[in-house]
Amino acid sequence: MIIFFVLLPIMFAFLVPIISKWKHKIHTGWLVLVIPIIIFTYFIRFVGSDFVPISQSFPWIPSLHINFDMYIDGLSLLFVLLISGIGSLVVLYSIYYLNKDEQLKQFYIYLLLFMAAMLGIALSDNVYVLYTFWELTSLSSFLLIGYWHNRERSRYGALKSMLITVLGGLSLLGAFITLSVITGTTSIRVMIENSDKVLTSPFLGIILVFLFLGAFTKSAQFPFHIWLPDAMEAPTPVSAYLHSATMVKAGIYLIARFSPLFAASEWYFMVVSTVGLITLCWGSYMAVRQTDLKAILAFSTISQLGMIMAMLGYGTEAALFAAVFHILNHATFKGSLFMVAGIVDHETGTRDIRKLGGLMALMPITGVLALFGTFSMAGFPLPFLNGFYSKELFFESSLHIGHFENSYAALLANVTPIIAVLGSIFTFVYSMYLFFGTFRGKLKVDELPQKPHEAPIGMLISPILLVFGVIIIGLFPNLFNKGILSHAASAILGGGHVEEKIYFWHGWDSPAFQMSLLVVGLGTLLFLTRKKWRTIYRILPGNVSFNQVYDGTIKRSETYSAAITNSYMTGSLGLYIRLILSTIFFITGGVLLYTNGINLNVSEMGAITAPEILVALVMIIASFGTIFARNRIAAILILGVVGYGISLLFVFFRAPDLALTQLIIETVTVALFLLSFHHLPQLEKTTERPIVKSANIFISVAFGLLMGIIGLSAHNSKWFKPISEYFIETSHELGGGDNVVNVILVDMRGLDTLFEISVLGLAALGIYGLLKLGRKREAE
Numbered sequence: 001m002i003i004f005f006v007l008l009p010i011m012f013a014f015l016v017p018i019i020s021k022w023k024h025k026i027h028t029g030w031l032v033l034v035i036p037i038i039i040f041t042y043f044i045r046f047v048g049s050d051f052v053p054i055s056q057s058f059p060w061i062p063s064l065h066i067n068f069d070m071y072i073d074g075l076s077l078l079f080v081l082l083i084s085g086i087g088s089l090v091v092l093y094s095i096y097y098l099n100k101d102e103q104l105k106q107f108y109i110y111l112l113l114f115m116a117a118m119l120g121i122a123l124s125d126n127v128y129v130l131y132t133f134w135e136l137t138s139l140s141s142f143l144l145i146g147y148w149h150n151r152e153r154s155r156y157g158a159l160k161s162m163l164i165t166v167l168g169g170l171s172l173l174g175a176f177i178t179l180s181v182i183t184g185t186t187s188i189r190v191m192i193e194n195s196d197k198v199l200t201s202p203f204l205g206i207i208l209v210f211l212f213l214g215a216f217t218k219s220a221q222f223p224f225h226i227w228l229p230d231a232m233e234a235p236t237p238v239s240a241y242l243h244s245a246t247m248v249k250a251g252i253y254l255i256a257r258f259s260p261l262f263a264a265s266e267w268y269f270m271v272v273s274t275v276g277l278i279t280l281c282w283g284s285y286m287a288v289r290q291t292d293l294k295a296i297l298a299f300s301t302i303s304q305l306g307m308i309m310a311m312l313g314y315g316t317e318a319a320l321f322a323a324v325f326h327i328l329n330h331a332t333f334k335g336s337l338f339m340v341a342g343i344v345d346h347e348t349g350t351r352d353i354r355k356l357g358g359l360m361a362l363m364p365i366t367g368v369l370a371l372f373g374t375f376s377m378a379g380f381p382l383p384f385l386n387g388f389y390s391k392e393l394f395f396e397s398s399l400h401i402g403h404f405e406n407s408y409a410a411l412l413a414n415v416t417p418i419i420a421v422l423g424s425i426f427t428f429v430y431s432m433y434l435f436f437g438t439f440r441g442k443l444k445v446d447e448l449p450q451k452p453h454e455a456p457i458g459m460l461i462s463p464i465l466l467v468f469g470v471i472i473i474g475l476f477p478n479l480f481n482k483g484i485l486s487h488a489a490s491a492i493l494g495g496g497h498v499e500e501k502i503y504f505w506h507g508w509d510s511p512a513f514q515m516s517l518l519v520v521g522l523g524t525l526l527f528l529t530r531k532k533w534r535t536i537y538r539i540l541p542g543n544v545s546f547n548q549v550y551d552g553t554i555k556r557s558e559t560y561s562a563a564i565t566n567s568y569m570t571g572s573l574g575l576y577i578r579l580i581l582s583t584i585f586f587i588t589g590g591v592l593l594y595t596n597g598i599n600l601n602v603s604e605m606g607a608i609t610a611p612e613i614l615v616a617l618v619m620i621i622a623s624f625g626t627i628f629a630r631n632r633i634a635a636i637l638i639l640g641v642v643g644y645g646i647s648l649l650f651v652f653f654r655a656p657d658l659a660l661t662q663l664i665i666e667t668v669t670v671a672l673f674l675l676s677f678h679h680l681p682q683l684e685k686t687t688e689r690p691i692v693k694s695a696n697i698f699i700s701v702a703f704g705l706l707m708g709i710i711g712l713s714a715h716n717s718k719w720f721k722p723i724s725e726y727f728i729e730t731s732h733e734l735g736g737g738d739n740v741v742n743v744i745l746v747d748m749r750g751l752d753t754l755f756e757i758s759v760l761g762l763a764a765l766g767i768y769g770l771l772k773l774g775r776k777r778e779a780e
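Heads up, the sequence shown stops at 780 in our numbering, and the numbers go up one at a time, no gaps.
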């Protein structure tokens, strides 16, 4: 049943092209909205203190131990509810954000694909199924980010996000393969049970590097964070969904899911915590520099993800609980802020904060929503702001990381509270900058592309509900504790039960509260004096950025690849054939020599009689005849002699089906040659240099010998029981036929035949399209 809800968005995506035809009568989003609501309604019933993990398995490729193994525990349940819950609000918001004249069909297909991919990641227990959904998120997010493909920046952002995340995805596949080999399983839960095998494996370092690359690239951790700001070129509903609540948290989920497997490794703590803290500080520091509302939110997302990643690295019960709590809180306030940014852009025509200001007077509801969202994100100490609670727990957990034998780990544990405060100070600054720069100050109506006014109620419903979530969680934090947060934290811990009592007030002497006061005090000071110190960005980062590294790498790759390609793509068919055959000869021949795979024993070969020799001689003479023929018809007919000679050999060696197939193919080939005779070039004496002629002769002879050696070696290498015996024994029973070859083609290898027919069908469609295009050009 679980897999049905994972695949439900994909199944409905097939209907979107049909229902989108009615978009001028009813917005396509209203029909799509039903899907995430159904999914959310199904999974919300699992929430409760008595929740017990559930697993279901559906066969896919059992021979490779690849099945749809679905597993719901506290962690996956939290993510599924965020994916479907935030997804419902995003679809509702998109109905009012996207005009009916937009390409709604493509938008909602991509969105549903992404939703299914994220659900698959959260619920998959099989590493290869998880990887399949993981890459589907990269593909669908690429399509969503590049939705407005007529814009150069949208195409740039889409390509950038895909290149970086797919690179991480390939690394993740390497980690999964290594893990499955070491543990002998593809199940994540069984891998965790065999953690001792992984931790004592000589490949532990490789596994961690590959796993970290996958998680850090997807969750925009330093230095792979550069794709996230450019991804903001996507429509705001996409930004609110992918980059605040779902996709960027896929890497967070991955680290959380595999934490029980690697938590005993100090390197795991050091790498995850270090990268998380650096990302927190760098993201919050760079957010203050931005002038685009969505760019500010992009860097704020980077910093918030860094904070969550750091807490996962701490590994303590308090830190894990704080991490899952902030995952929930971040989805509420950040999702609402992205929607607010979209509303401001929609109603004013700009996201440039330098042109904005004083909008509270004209957009009071949007301003109030932004007030709650930004102050919650800043961790302002008010009891109705959920962000403060998880920020407090973050500070508290950073003070009690534990003791480590490694000197660097011990140093990191000591300086972590300082780094946490530093990153949080800039978080406070960019939060105040975002709110006061947009909604307070002087109103600059003359600088705006259009006169601002309050958004329609339909566009406000989703951010209102998210801000309502901010307040409810803030007023009643323990309402979500036993029902879902403790289960999620326990799942990450991998054993025992994690339950933290959430309090607003811990007393004036609480170190965490004192750290919060320090953040508010210094953050306010830095915000008020921002114009005086913002010149520091000329020094750090100055003119240096990781974007330059990325752009330079892509540019050099394109330059070098173009130079290499141009060196052999000369338009010479002869050169292409020489390169292809030479490559096959040296690689295949080298492998045969290296593996001692050459076996030229002819004792078990069938006897060659006079008819076979005679046919072979005729074929050899005909082959040479095609080389020296100067008449096109003669060349075609001589070439046909070679093909019909092969048919005769099949007959002599008792393969009538192959002979018949060869006869048909040869007849059709000759007929096609004659049909296109008018377009064939005149046969002329070659003008190639002697060295090229010599190379052609050498390659021809060498390649022919190689094929002969491969044929003999393959026949003489009896490593396995011949599958032909299975076909002969079961063709009548399983296929209902005594013609073994036909049964193989139609039944045993029916899918192969189906795909071959599909390829031929696609080729026919391509040819038809080219012919139609050619006629159109002739007509023009």
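To be clear, the hints were calculated from the coordinates, so they are not data collected in a lab. Check the hints yourself; a few may be wrong.
[Claimed, not checked] The calculated lysine-lysine pairs, modelled on BS3-like cross-linking and capped at a C-alpha distance of 27 angstroms, are:
1) K482 to K451
2) K100 to K23
3) K451 to K100
4) K772 to K693
5) K451 to K532
6) K442 to K501
7) K501 to K555
8) K444 to K501
9) K531 to K444
10) K105 to K197
11) K197 to K444
12) K105 to K355
13) K555 to K442
14) K105 to K25
15) K355 to K501
16) K482 to K355
17) K21 to K100
Remember, it's a predicted structure, so these values are computed and weren't measured experimentally.
Given the hinted pair K105 and K25, is their alpha-carbon gap at most 27 angstroms?
At roughly 14 angstroms apart (the allowed maximum being 27 angstroms), K25 and K105 satisfy the hint.
Agreement of K197 and K444 with the hint, judged by alpha carbon distance not exceeding 27 angstroms
64 angstroms, violated
Sort out whether K451 lies within 27 angstroms of K482, counting only the CA atoms.
48 angstroms, violated
Is the Cα-Cα distance between K100 and K23 27 angstroms or less?
6 angstroms, holds
Need the status of pair K105, K355: alpha-carbon distance at most 27 angstroms?
Given pair K105, K355 is violated - Cα atoms ~34 angstroms apart, limit 27 angstroms.
Under the criterion that the straight-line Cα-Cα distance not exceed 27 angstroms, is the pair K21, K100 satisfied?
11 angstroms, holds
Starting from K531, check that the Cα of K444 is at most 27 angstroms away, please.
Holds. K531 to K444 sits at ~19 angstroms (cutoff 27 angstroms).
Proposed proximity, K532 with K451 (alpha carbon, max 27 angstroms):
This hinted pair is violated, its Cα atoms lying about 32 angstroms apart.
Does the alpha-carbon distance linking K555 and K442 stay inside the 27 angstroms limit?
43 angstroms, violated
Does the structure keep K444 and K501 at a Cα separation of 27 angstroms or less?
Violated, because 47 angstroms separates the two Cα atoms, which is more than 27 angstroms.
For the pair supplied as a hint, K105 and K197, confirm whether the alpha-carbon distance does not exceed 27 angstroms.
49 angstroms, violated
K482 and K355 were given as a pair; does the straight-line alpha-carbon distance stay at or below 27 angstroms?
46 angstroms, violated
Of the numbered hints given earlier, the model fails hints 1, 4, 5, 6, 7, 8, 10, 11, 12, 13, 15 and 16; all others are met.
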